[in-house]
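Q: Taking the hints into account, I'd like the entire structure generated from these sequences.
Listed below, chain by chain, are the residues.
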Amino acid sequence: MWIPDPEVSVEGAGIAAAPGPARSRSARAGLALGWVRARLATTPGRLVLTSIIVVVGVAVFGIIATGAEQSRERAVRAARVDTEPLLVHAAQLYTALSDANATVATGLLGLGGVEPPAARARYFHDLRVATDALTALARGADTAAARAARGTIADQLPVYAADVEAARANNRQRFPIGAAYLRQAAALMTASMLPAAEHVYAAEAFRLGDNYRSGTSSTTLVALAVAVAVALVPLLFAQRYLTRISHRIFNLPVLIATVALIGVSVWALVGMTGEQNALATAQRNGSDPLEALSAANVLLSRAQGDLSLTLVNRGNDTTDPADFAAVKRVLTSTHLAPGFTSDLASYWAAAARLQRLQDNGQLGVAIDQAPGVAAISQRLSGQLGDQIAAAQARFAQSASDAASSLSGLWLAIPLVTVLAAALAFLGLRIRINEYR
Amino acid sequence: MNRPIRILLGLALAAAALAGCGTSSDHQLRLAMSALETPTPTVHSSATPSPKCKHLTASLRPPATMPTAGAMPAGSFMRRIQDRGYLIAGVNAGAYKFGYLNPATGQIEGFEIDLVRELARAIFNDPNRYRLVALSVPQRLPAAQHDRVDIVVDTVTINCYRKTQVDFSTVYYGAQQRVLVPSNSKATSIAAFAGRRVCASAQSAPIDVMEALPRPPKPLGLPQAIDCLVYMQEGRVPAISTDDSILLGFKAQDPNTKIIGASLAPVPYGMAINQAHPEFVRFVNGVLAKLRADGTWRALYDKWLGGIPGSNPVLPAAQYDG
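Those protein sequence lines, which keep their order, are chains C and P.
Residue 66 in the numbering used here sits at position 67 of the first sequence; the count goes up by one each step and never skips.
In short: position in the second sequence from 1, add 1307, done, that's the numbering used here.
None of these hints come from the bench; they were simulated from the model.
Source: prediction; values computed, not measured.
Be aware that a few hints might be false.
[Unchecked claim] One side of the interface only, derived from the structure: several residues of chain P facing chain C at Cβ under 10 Å: (1) T1330; (2) F1557; (3) D1561.
[Said to hold, decoys possible] Covered by chain P, according to a simulated footprint, are these stretches of chain C (three or more residues, beta-carbon under 8 Å): (4) 171–178; (5) 191–205; (6) 310–319.
Ideal Cβ positions, reconstructed from N, Cα and C, are used throughout, including at glycine.
A: Structural data, given as structure tokens:
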């Protein structure tokens, strides 16, 4: 980095060679102190000391600023290409599984024992989305619990699908046992697979949260400010000292070093602030709504599944109506999907009409009208999906803004550090040489 | 010296101000997660006391002369039904052949539904004037008690506790608790399953009966009896024990099964009626007496269950005590 002064290094070498193995640490410290005191006695000595402090200060700046910039850049890159895409996969897994469960219950419910082709296609699409997402999530959160949750889904998905097919085959024979197979499949889904999917989802969401925290940490900015001070104060002090002992107002190399350092500091500060704001925007306008809307979508599927299973169970069911009521309460009281309040209200109203028909002994009519209610839920779910995609696009835009706010800094900080150190050393060296 | 300090201060201030601009918070995430963690409410079913009583299956005597269809006596409960225009019955929609929703038609059909049709015929002279409400097991008696339905025809077993809650008609089907096994099973009675798992619906009378056997099996209770057939098809239980009415429906859905052994207990089915309407109980008993006498009961039984091997058309003689 800097070319050592031959004189200094000879003296330094002499000192380094002097202490014998028997010498204590305090004796060595005393020697170093003596060396410093000897330097302070003369102007060239003071200049040598100043040059050492300035170079060390600039080097410390370089190390801290690079570290701070790298930590921000790592966090942004991880959020952009790793944790957020994985969170999207986890949300897809969760949503696809709950939608599959709602779809299959609604599809098998239909009269005539014949499942509408569209319902079957949607079910298989959901299964494909779920398995694709699960494959992508193999490089997700690497904790034992997350791995176990992914394993649970992978193990149970074929069992679930087998139960659904048994339900379908029996349903085509018009046997009530078809409903029992469907109930068993739904129980596996809601008691085991969906909780596992929720765990996978939470693990990825909290990983993204960690990236947000380190990408917007104010500690990084404070560290940068301290580093700038550590480099700038000795530089300014050196400048003043030089002005006092020489007849020139400016020492040009030291001045250039100072200006370059201030320049790169301002750049880093502005860049990192921009990055921080963009990342916070990515969270606020991107992943936060994505998380809320995904939760709303999952809960909507759960409600629709409950509604259909209540009908599939032909009135012989007390759990699903209770779960439906609980989900409805949560979806109504939390504002997970603020733009959908009136759509949701019309869905609840349609569901209540089904419930009334069933209570009035018109189960057949209720079953006949159930596909209409399912269609409302699917339309709503489609709209939620569009909004989720829009939130995802906003995230991508802001995260890319965050990345470009930092662009160039990775090179500029070390480059300016080396340059400033070399220039400052050079500027002081000219003065030192005047005393030879 | 104050220039460096000023710069230092300025930098620190700027950093602090900028640091406050964009911060992250996981408030939204926690909100979404807590919504997703909404637990499924648990529905508790309480065990029922089992008092003793005399003349378990005895019911009220039919009126000396049955009212003519379409002309129910003024002030009677039957008249209220007639004025309404249809009979409301609480039924089972999941007991194949007994009372089940036919997916082809969307209608609940079966032996019990045909009995409801006969009641409608006796009131209106039109068997189609009825509405059916599918009830879950815990809903059955409250539906009659709170007049949600006029009558419950839903495989309700008459027992002493239930007689304190509702009035029962005379027995309309003498079910027997028996055992269903896969057709390749070597077992010939419940004795073969001593200490082994036998499935029944949870907290049901068949479980109590099995536990009282000298060498009892280990009963496994599932939410609904039909869940036991799923378990047996999957090889998870070797046998099911419940009412033969239900087992015949299982056999009809899975021919690779057989009913074995003698009856473990009689299971008398009665129609449940609100205790405020004794005249309706008498009327229903009158209809049942006629169905029994003119061969309609047997014809309906044969229509729904006669074709299933092992079917057991048992209709005990009516008993009256008032």
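Q: Take the hints in turn and mark each one as holding or not.
A: Checked hints:
Annotation: P:T1330 was flagged as interfacial toward chain C, and the flag holds, the nearest CB pair being 5 Å apart, inside 10 Å. Taking 10 Å as the C-beta contact cut-off toward chain C, the hint placing P:F1557 at the interface holds, the least distance being around 8 Å. Below 10 Å, beta-carbon pairs count as interface contacts, and P:D1561 has one with chain C at about 7 Å; its hint therefore holds. Under the rule that three or more residues need a Cβ within less than 8 Å of chain P, the assignment of the stretch 171–178 of chain C holds, with 6 such residues.
Counting residues of the stretch 191–205 of chain C whose CB lies closer than 8 Å to any CB of chain P gives 5, so the stated coverage by that chain holds, three being the minimum. Here the stretch 310–319 of chain C counts 7 residues with a CB under 8 Å from a CB of chain P, which clears the bar of 3, and the coverage holds.
This entry satisfies every hint, going by the numbered hints stated previously.
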